[in-house]
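Undergrad: Protein chains in written order, with this note's numbering: chain F, 1 to 551; chain L, 1001 to 1093.
Hint data in this document are derived by calculation from the structure and do not stem from the laboratory. Quick reminder that beta carbons are idealized off the backbone N, C-alpha and C, glycines included. Hints may be right or wrong, so weigh each one.
[Claimed, not checked] Only some residues are given here: those of chain F computed to face chain L with a beta carbon under 7 Å:
#1 PRO38
#2 LEU47
#3 LEU49
#4 HIS50
#5 TYR52
#6 LYS80
#7 ARG97
#8 LEU98
#9 ILE99
#10 THR348
#11 LEU419
#12 ASP420
#13 GLY480
#14 GLU482
#15 GLN485
[As the list claims (entries may be wrong)] Calculated pairs, DSBU-like style, for lysine-lysine (alpha carbon to alpha carbon, straight line, at most 35 Å):
#16 L:LYS1042 to L:LYS1008
#17 F:LYS248 to L:LYS1008
#18 F:LYS479 to L:LYS1008
#19 F:LYS313 to F:LYS167
#20 F:LYS37 to L:LYS1008
#21 L:LYS1008 to F:LYS167
#22 L:LYS1042 to F:LYS37
#23 F:LYS388 to F:LYS317
#24 F:LYS525 to F:LYS545
#25 F:LYS313 to F:LYS525
#26 F:LYS165 to L:LYS1090
#27 F:LYS37 to L:LYS1090
#28 F:LYS167 to F:LYS248
#29 F:LYS313 to F:LYS324
#30 F:LYS388 to F:LYS331
#31 F:LYS248 to F:LYS165
#32 F:LYS388 to L:LYS1042
#33 L:LYS1008 to F:LYS165
#34 F:LYS313 to F:LYS388
#35 L:LYS1090 to L:LYS1042
#36 F:LYS479 to L:LYS1090
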Amino acid sequence: MYRYDEFDARLVRERAEQFRSQVMRRLSGELSEDEFKPLRLQNGLYLQLHSYMLRIAIPYGTLSAVQMRSLGSISRRYSKGYGHFTTRTNLQLHWTRLIDVPDILHQLAEVDMHCMQTSGNNVRNVTADPFAGAAADEIEDPRILCEIIRQWSTLHPEFSFLPRKFKICVIASPHDRAALLSHDIAIQAIRNSDGEPGYRVSVGGGLGRTPYLALEVGSFVPRRHILAFIEAILRVYNEAGRRDNLWKARVKILVHQLGIDEMRRRVEAEFAEIRETGMLELPPAEIERIADYFAPPAFEELSGESPEFESAKRESKQFVAWVKTNVHDHKTPGYALATVSLKPIGLTPGDCSSEQMEGLADIMDSFGFDEIRVTHEQNLVFPHVRQKDLFRLWQQLEPLGLATANIGLVTDIIACPGLDYCDLANARSIPLAQEIARRFADPELQAELGELKIKISGCINACGHHHLGHIGILGVDRKGVENYQILLGGSGAEDATLAEILGPGFDSEGIIGAVENVIETFRQKRISGERFLDTYRRIGAAPFKERLYAH
Amino acid sequence: MKVVTANKLTFGEVVYWTSRGWQSSLQQAVVLDDADAERALKLAAESVQRCEVVAPYAFAVRVEHGRIIAISAREQIRAQGPSVRLDVGKQAA
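Could you put the whole structure together from the sequences, leaning on the hints where they help?
TA: Listed below in structure tokens is the structure:
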């Protein structure tokens, strides 16, 4: 994985020192809160319901064992012994003290981490396919481009005051595991008919109050010109994006107001101008230099069938269940991807304790894993596990409470922190996720229901991706009381679709029964083997509405 | 009826306006009518100037059997801690 060079290391160290001085000036009264607030936000520090919340960037969701161990230690020492992995693949500490943050930033800097651009109107953490470097259907490692974008966009002077925040995602497979089209810029690595490497670029996706899927703005951008093309989009947005209304300031609004054809014309004009100077053309040697950091580990030559793995499956039914849901095919024979569920039944989706973080780091050390990945579905992935090690890995995850077998199933729920933590939330998300998971905890029932993605947001900002849920839930405030709307038919995969609101909302007790009724309707109407989404697409909303609102 | 709240500048902890300055329990808060709440917010603004607290505001409460109860779910959660982690926040004390 990428290691900081001298320049990177100095930058984050100096940034931590700079923030220490800003905190001291704030505490002495030299800086007012109004003056200080943008400075703390530029370092990912928010004031939330119970305390300050620090958002730590995890570039393209990749962490080393050293970093994971350090996050465990930081969350124990400076928070309350746990952190929360988010749908942006970052980590949030919900209980930090202002006076400790400079020390936290220093500890993060020691392990090549920081909190820059986890807030504010700039290019945020670039996300990627969590199966990068391991997926059988991948044509390149998308993190190479992510890292190039990270270096280019970090503290970029022209793009440090955009009309609004800006999220970029890169994948390199036909299969979308990163909710690609919900980003401001969605980049998919492709090859043209001559086999040349390049990218399909879409723009204007986003959830929130006005959800849109990104629209294609470049059908094939050659690799060497991709930064110029991204810069062209950002320039058009920076110049023409609205700044008068927070709710209309994202690039998705500009794209949909101009129309994609006019947006494309403007981007191409800007692109031509930038390309003329040649300033942003990526030299092959520099791409190679970055690519070297993402070179795959030295895979052993293994047979596709492991006797140890087969015998372990005969030994334990629970292991078989875990393999069925949490283990995915790897591009290399004899290897597998193993997803660690952060959705134990009845607990908080995405939460991870200090002990669990340190336990995961120990596992990485003992198995020789270089990396672990954070997914936008708030789980973790070991990308390169020898099949013969899977059983031992599963056995070591079990005592950490990290062996839940539910990836992609009804209990693998995305939930934002909601009103239990977040200052913006209107309603709680986590208790709903917990209760739904308890109701559907029976492994046989979960298996019978098959792939079913429930996504819950506690406000219109949609951090819980409710528009992309097969079943989405949106919490709203109804005269100070929590109320929940149901949306159906969304997808964040390669068949991306925005879910539609079914009808009037439910109170916090009614919503659980409503979800049960939706699922019961699916069970009655499904054709054998159909996923919830397939059934919904076949029969439409009417039978669900009938069940929920008929009386 | 209202109570004035803020967060401590240094720690971020939720605090309430009481007869003895800022305190951490809602039950210690002074319950105010609208006019008193306005006056308390002016004093709170001075406290912000002194770098004691940040982001003060007033919110609605009712009093039942001598206990102050926040009306909104948001303020109930702020007063206690996350409803999903009873081992953290004020409720754990």
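Undergrad: Identify every previously stated hint that the structure contradicts and give their numbers, smallest first.
TA: 1, 15, 19 and 32
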